[in-house]
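There are 2 protein chains.
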Amino acid sequence: MKQITLSLGAAVTLAVAAFMAIAAGKSGEDAAPLFVKEIPPGYRDWKLISVAHEEGTLNDIRAILGNDVAVKAYREGKIPFPEGAFIARLAWEYLPSEENNKAFGRRQSFVAGHPTNGVQFMVKDSKKYAATGGWGFAHFDDGKPAADAFMQSCFPCHDAIKSRDLIFTRYSP
Amino acid sequence: MKQITLSLGAAVTLAVAAFMAIAAGKSGEDAAPLFVKEIPPGYRDWKLISVAHEEGTLNDIRAILGNDVAVKAYREGKIPFPEGAFIARLAWEYLPSEENNKAFGRRQSFVAGHPTNGVQFMVKDSKKYAATGGWGFAHFDDGKPAADAFMQSCFPCHDAIKSRDLIFTRYSP
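Going down the list, the protein sequences come from chains A and B.
Counted the way my numbering counts, the first sequence spans residues 1 to 173.
Counted the way my numbering counts, the second sequence spans residues 1 to 173.
These are computed hints drawn from the structure, not numbers from a lab.
Possibly wrong hints are sitting among the right ones.
Heads up, the list lumps identical chains together, so a pair's fine if it works in one copy or across two of them.
Computed cross-link-like contacts, BS3-like style, restricted to lysine-lysine with a CA-CA straight-line distance of at most 27 Å [claimed, not checked]:
1. K102 to K162
2. K144 to K47
3. K78 to K144
4. K78 to K102
5. K78 to K47
6. K127 to K102
7. K37 to K47
8. K127 to K37
9. K72 to K47
All chains, full assembly: derive it from the sequences and hints.
Structure follows, in structure tokens:
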């Protein structure tokens, strides 16, 4: 039993290594993508950019915050974002609020529950993160950075929104 | 005689003072509630408290922001809120995002559209707003304060949540 477990572990390690090698090779001359491994301090104090709700398996209500560099660029409509722009995505369980519904006298209110789906960041550093459009991507679950294999999916999706420098979220006044 | 006159003068002075005190007390109880008529400057830079979605006729996605006094109290779990605590409610149209749905590969994403349902505030000033639980209430549509008749409905509803000092929204970490 123990041996099987070890073998499985080894197989997973090999598979991840192979995936990473392929990913690195695919990025061509560029180095394998780098990902952000540390949570930027004080992000919970950043300013609000906008809010959203995701249905489906995500099933959350979320907020996008930005540091001063990012929010200034948003408000001035500056694209691309300047170096040092930091954007955070927080998310919480999407829950009906019986308390609010009682106050409103009808079922209509959904509020934020416990944090869910991790915390994500993007930071603009054109040199360091040249392989991923000048943005460093980050995802943390309970404070721990996600595996690189998971992080590979960030850039290809965000790259679809080139006209807004890879940032989907618009600023909400 | 002179002494009596003085006594009478003192008595009159006392009586007037007593009358004024009673009148002040009565007008305190009977006075119409005061409402906040000016938008607090810089509120869009305040920190995020939480987010919510309202269905029904409101049909918005919203954010609750707080000034430093309010957010500090929230984080420390301090009830009642201290004097000077300011809480803002912003809201935007609740719109499906075709752009996000395309990126996710399925219909699931709702984002913030134009601002809607005005901007609301509560400010803690126990003396000034004694008639409404120590909170001053405000609602602005396109920068203009709502009529007092409209504002009468704020306090009776918020008063239902006495255990949290009249504030429905909980802090989302």
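*Against the structure shown, which of the earlier numbered hints fail to hold, in ascending order?*
3 and 6
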